[in-house]
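Chains as they are written, first to last, in our numbering: chain A, 32 to 142; chain B, 932 to 1046.
To be clear, the hints were calculated from the coordinates, so they are not data collected in a lab. Remember, predicted model here, so these are calculated numbers, not experimental data. All C-beta atoms in this analysis are idealised placements derived from N, C-alpha and C, irrespective of residue type, glycine included. One or more of the hints may lead you astray.
Claimed, not checked - Using C-beta positions, here's what the derived DEER-type ranges look like:
#1 B:Ser949 <-> A:Gly113: 36 to 46 Å
#2 B:Asp987 <-> A:Glu72: 24 to 34 Å
#3 A:Glu46 <-> B:Asp987: 42 to 52 Å
#4 B:Ser982 <-> A:Pro112: 24 to 34 Å
#5 B:Lys988 <-> A:Glu46: 23 to 33 Å
#6 B:Gly994 <-> A:Pro112: 36 to 46 Å
#7 A:Glu72 <-> B:Asp957: 13 to 23 Å
#8 A:Lys87 <-> B:Asp957: 22 to 32 Å
#9 A:Lys90 <-> B:Gly971: 23 to 33 Å
#10 A:Gly113 <-> B:Arg1042: 21 to 31 Å
#11 B:Asp969 <-> A:Gly113: 35 to 45 Å
#12 B:Gly947 <-> A:Pro142: 42 to 52 Å
#13 A:Gly71 <-> B:Pro992: 21 to 31 Å
#14 A:Pro142 <-> B:Gly984: 45 to 55 Å
What the hints assert, rightly or not - Result set (DMTMM-like, lysine to aspartate or glutamate): computed pairs, CA atoms no more than 20 Å apart in a straight line:
#15 A:Lys129 <-> B:Glu1010
#16 B:Lys940 <-> A:Glu72
#17 A:Lys90 <-> A:Asp114
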Amino acid sequence: TQLLEQSPQFLSIQEGENLTVYCNSSSVFSSLQWYRQEPGEGPVLLVTVVTGGEVKKLKRLTFQFGDARKDSSLHITAAQPGDTGLYLCGPRLRGAQKLVFGQGTRLTINP
Amino acid sequence: NAGVTQTPKFQVLKTGQSMTLQCAQDMNHNSMYWYRQDPGMGLRLIYYSASEGTTDKGEVPNGYNVSRLNKREFSLRLESAAPSQTSVYFCASSEALSGRGTEAFFGQGTRLTVV
């Protein structure tokens, strides 16, 4: 059973454009994390969202946790080539010890 | 501060050979994980160890075994490698997950090719 889905799977846009990627599930999460993985590297944590409706900003990146804590979005303003990478969302279920991820959104920003 | 260290970084195996991937962390974390990442894909959990002395299956455990040697080290063994196990393997560690989300730290990966 797919715990969560990320969309789109692939996205290629020009530098300076805005974009939004999504992480959706039918399950309620106690929190959710977003990671970015650059080519040849392991993933690195960007943000953790905990409260339903929470919005966090990290420079040009805006993360939102859905009110019902079943979904999340990542919006990038004025994308730059340095934003290129694989964006992974990782949910937390209360009491769960496993750390699983969606299939990711592979983002390419073209100069 | 080394963080999570994986060895080897690259490996080529013949079908049927066995090998052990090593992982060590120096952050005193309780939980450790092994993932595989196939080309163009996300991470799939193979096995995890929530704390020293415990191991559990993840999403894709078939063909693998693990050992939590001590708090620092978590190894992944392929007993009889198959071409379908060609992948990049990542080890990660974190504080025990409380449901509120603590950061996971990843190694640089082991690129394994089975021919």
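Hints, verified against the model:
no.	hint	verdict
1	B:Ser949 <-> A:Gly113: 36 to 46 Å	holds (41 Å)
2	B:Asp987 <-> A:Glu72: 24 to 34 Å	holds (27 Å)
3	A:Glu46 <-> B:Asp987: 42 to 52 Å	holds (44 Å)
4	B:Ser982 <-> A:Pro112: 24 to 34 Å	violated (41 Å)
5	B:Lys988 <-> A:Glu46: 23 to 33 Å	violated (43 Å)
6	B:Gly994 <-> A:Pro112: 36 to 46 Å	holds (38 Å)
7	A:Glu72 <-> B:Asp957: 13 to 23 Å	holds (19 Å)
8	A:Lys87 <-> B:Asp957: 22 to 32 Å	holds (29 Å)
9	A:Lys90 <-> B:Gly971: 23 to 33 Å	holds (27 Å)
10	A:Gly113 <-> B:Arg1042: 21 to 31 Å	holds (24 Å)
11	B:Asp969 <-> A:Gly113: 35 to 45 Å	violated (25 Å)
12	B:Gly947 <-> A:Pro142: 42 to 52 Å	holds (46 Å)
13	A:Gly71 <-> B:Pro992: 21 to 31 Å	holds (26 Å)
14	A:Pro142 <-> B:Gly984: 45 to 55 Å	holds (51 Å)
15	A:Lys129 <-> B:Glu1010	violated (24 Å)
16	B:Lys940 <-> A:Glu72	holds (11 Å)
17	A:Lys90 <-> A:Asp114	holds (12 Å)
Taken one by one, the earlier hints fail for this structure at numbers 4, 5, 11, 15, listed in ascending order.
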